[in-house]
Amino acid sequence: MAGTGKAPLRDRPDVLLSVEELTVEFPVGRHEVVHAVSGISFDVAEGETLGIVGESGCGKSTVARSIIRLNEIRGGKVVFEGNDLATLKGEALRQHRPNLQMIFQDPISSLNPRRKVRDVISEGVRVWGGGKGAWSQGRIDELMHAVGVDPKFGDRRPHQFSGGQCQRIGIARALAMDPKVLICDEPVSALDVSVQAQVLNLLEDMKKRYGLTLLFISHDLSVVKNVSDRIIVMYLGKACEIGSADELYEHPRHPYTRALLASIPEPATTVDVSEGNIDGELPSPINPPTGCRFNTRCPHADEICFEVEPQMEAVGDDHFIACHHPVAVSISA
Amino acid sequence: MADSLLSVNDLCVRFPTDRGVVQAVNGVSFELEQGQTLGIVGESGSGKSVTAKTLMNLLPRSAEVDGSVVFDGRDVTELARRGESHFWGVQMTMVFQDPMTSLNPVKRCGEQIAETLRYHLGHNRKTAIAESIDLLEQVGIPEPAKRARQYPHELSGGLRQRVVIAMALACQPRLLIADEPTTAVDVTVQKLLLDLLDKLRRDRGMSMILITHDLGVARGRCDDISVMYAGRIVERSDAETLFTDSRHPYTNALLRSIPRIDQPSHTRLDPIPGRPPEQIDPPEQCSFAPRCRYAQPDCMSAVPELGGLMGLHSFACHHPSNTPRGEQALAANLEAGQTAAGLHIHPIEEAAH
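Going down the list, the sequences are from chains B and D. For the first sequence, this note's numbering begins at 1 and goes up steadily by one. For the second sequence, this note's numbering begins at 1 and goes up steadily by one.
Incorrect hints may appear among the rest.
Said to hold, decoys possible - To be clear about the criterion: a stretch of chain B counts as covered by chain D if any three or more of its residues have a C-beta under 8 Å from a C-beta of chain D, and this derived list gives those stretches:
id : segment
1  : 223-231
2  : 256-262
What the hints assert, rightly or not - If you only want the chain D side, here are some residues facing chain B, beta carbon under 8 Å, derived:
id : residue
3  : 106
4  : 107
5  : 108
6  : 187
7  : 190
8  : 214
9  : 254
10 : 257
11 : 271
These are calculated hints, taken from the structure and not from any lab test. Using N, Cα and C, we set each Cβ at its ideal position, and we do this for glycine too.
Excised from the complex, chain D in its bound form (with noise of 0.2 Å):
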């Protein structure tokens, strides 16, 4: 697809440890386009973090990177290969999770972001001071001169993470990447910093990735969503579609975990049995398989190819839910009260909605 601003091949990244090789990210493929938003789902340890870690050429250097990042036609890992400074932090920036961390405690906010606009663009350092309280009012914050004066202890949570969103924003990018950005804070101020993103976003035309544990922000702010677990993106459609017609028993289980606002109290939850599988040496199986209703034994000996209506709905399921395959194979299971992976299984009580 020659129109996309950002393509990923096949990326693998594992880490080498004492205890084996971890493979965090294990063959993972997409494609971004233009002006639009990925969300990036999954839990802890599914290797989201690690994806925009390696798009940031972040990793530390024992990480061992397979695969191939294209962006705009240039190839990611030959620009890091060459030491190219001027890639990331202008074309392509990060905003982390935790605003506090990713700040310098010593330096006044205003003085950080002009220090970008020095070093990559070439600033003087009065014009590169006038520009960061420009942009300090250009995301929401009041008193823009003064807070420029200001360190960072002396904002909120939520003004600082503002603030590194202004300092991502200072060059430009083409791409930003946002690593949780709103899960230290607040609910009201996660609503007031989601919605600003996305108004910066339309505003410059810019591309997103957004990376979140939780699929309730993923749903509104993204136009694609991908689900990973265990390395691996399982799960890649329109935002809408996924909440609407899920097909991988992973996201539909984690769905069905999370307590809904809508439903009345002491609604029963159907947690998924079991926890994330360690990522050493992993077997040549479906890595959800040991926690999932639908398993089958060729869940248990073949990897499932991401598959099904590519560039649209994909999902790599051998039983997909929502289809007669995958029906057939969970009605199998109930019926032995089993599945082939010798988890114990019962009907799901339906919710009340």
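Just chain B, with the same shape it has in the complex (with noise of 0.2 Å):
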């Protein structure tokens, strides 16, 4: 899994974001980095949400604050509407933040919890003055009201709220910003059952209101399935597969894909539960394994494995993988 290779960046004139082989590492220690995204590439095309699936420490959360310039990025490029938002600085950088706003796992700590939500909605837009979204009482109102939180609750406090309430004034809070991309890191997964049927809908109703392009992290794979159009599986800090949703299910072709379906309680069954049987832990980001990333878990591994790392390649229509052993699949039509 290794998966440089910027095979799956398309040439289309409504791609909104493009990340080209975006590296980051955190220093850990004296000598050594943390590896924590190496060589990534993907594009999002305008009204698109791409889902990105991983386990944890896969680097999925990292890809995504990297974006928004949360943490530093090392190499690698973040082209948004024409600028690389990787080297931009000071006052060009802020200008570019309102466009791309992001809500968090945890939905009660990610919001102040000694302000009222109406001030903690309106923060972005206040600081950002008149321009953008101008504020106003009517549309504090008015986003609360379309993502579901009575505007009549909006002098209360977070902890008044449960926790799939906070999530929707984390999502009023992105989109008073009036962005063009929206960041979802996990956004349901600290969700009961009942309310993250509640939250995903409403995402997907922003989407089409606000005409928003999502970019969906979860360890979810059913979760993600059914938000995204375009899934990237990430492993240890590389893409694996890139494909669209409904293909990468029916046709998985990388082990690692193959085996995050097969784990799942209920299986997907384009794949043999055997396949979700992967050993092992995952290896240590400081220092990853040559090669190919996966080849310590791999069921298909030899020696090219450990000694070339795979490039991404087209396998099939809008479909990349990085794999020098790809499984076979019938595609029947």
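Could you fit the two chains together into a complex? Lean on the hints.
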């Protein structure tokens, strides 16, 4: 699972955000670094939902946070509307921030407990002054109404709401900036199953209503499939497989994707349950394996996998994988 | 039923708080036979963990417990009163959700398992350590002797949970209670852990209670499943029936609200409106009625009893779905555009499968 290479990048005029060979490293100790993200490339077209799925520690959140520059980028580009966000600084970067907004996993701790939710939602707009999505009581009410929180509760504080409602408020706060891209980092993982569907439907509605492009990160394959047009499967800082949501589930080619699909409690019918028995532990991102990063756990690994890093290659219509030994699948029309 | 290993009868657990008395568990009864696995499924606050903690005698002192728990002919509440300490941890043990916090961070893994053996079974230090290494091997930990000398922080989440399982199995329990054992781990690890629990249970003829919020997890691993809502069991049946022929509108709605991997992407989900009720002074009504598409006036005035085919498939509902009575109720509500609880409802767009 190496997955360097720019093959998955599409040459289309409607590509809104394009990430090229993004590399993120965090120093630990004296001379060591965590290779959190190592050369990942993908793009998102306008109005599309891109899902990023992978196990904890695979770098999916780091990708999201790097796009909005919440952490330092070591190398690569993040091109948004023709500008490379990775190299922008100061005011130039600030000008782009409203366009990319994020909602977080823990709905309660991501809201300031001391402030009224009305102020939480409007803070960004107030910081930005007039220009973008000008601040007004009416607009805050409209947003609260849109996300399904009664505006008359605007003077309450976050602890007076349930987790599901707090997540709605988090969504309203992001929407207040009138963003083009909404990055959702595990937005429903902390919610109860009965509330999860409400928030997923809400995101879908908001996407239509406000013309958003979504980057949706989750470890839950069923959830990611439900919301996404395209999906990236990540492993240890690299992409293994990229494809349209339905294609990826119908014809998974990468051994890791197949292992994930076979591991979920009600496994996908397109894989064999035994493919989920991948042994061993996630290797340390401080010393990732050479060659293919999945080689320590892959049932198909042989010499070449330990020596040569596989590159992203097209294996179908809008379907890319990085593997020396892609699993053959019968494609019935 | 004389041959059941565990029999819980009308269990009620209340917690007095500043805001009132929380009815965490409200009349829960079930039987568990030797060698069987019972799944308890519910959302947070449904009372599933409190039920488990009651069985394990782990509730805070402030809790008020009513009802009886009988384990192999012995009254468990009586054992608790007498301060019997070699029952829990020997006959009945528990695996918790978070393996980091259920292990002692400053003690080597092997010693923690050995501690159980020394305390309950009176093993000496040397045999206890040797046996703990053996146990680590049984739960599939590679290099058990090396791992036994390591501290919990040196192990990954999956391995830590295996250590916790080894500890729970140390004294050959007859009942293992697993409370969300795989919620904190990744899917690939989850599968391996559940496979392991399944195998150990079979090999030892142990009974198991698997508590989870994930219906999918319960489906593949349990003989019977109880669905809990607001402190009560609302439906109980064998695992397959629950998924193919559920009768309680809550179970039904829960199954419909979960995204399924076999549906095409962007399938519109059918969420349950509202949120779980507060359990302080609950009104005398079906606790699901305010969120239920089937709710009728009688749902608002009387708590439904667990009925149906007792022992086979029981459900606590006045207007069960997939029955003429329930479908009539739903049809009437759809025509009126709202339920007796005032919930506005619309016909469900049928999913594409």
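A quick look at each hint next to the structure:
1. 223-231: holds (count 6)
2. 256-262: holds (count 4)
3. 106: violated (22 Å)
4. 107: At 22 Å from the nearest chain B Cβ, residue 107 of chain D fails the 8 Å test, so the hint is violated.
5. 108: Cβ of residue 108 of chain D sits 19 Å from chain B, so the hint is violated.
6. 187: holds (4 Å)
7. 190: holds (7 Å)
8. 214: OK, holds: residue 214 of chain D within 8 Å of chain B, min 6 Å.
9. 254: holds (6 Å)
10. 257: holds (4 Å)
11. 271: Holds, about 4 Å.
Violated hints, listed in ascending order, are 3, 4 and 5; each of the other numbered hints is respected by the structure.
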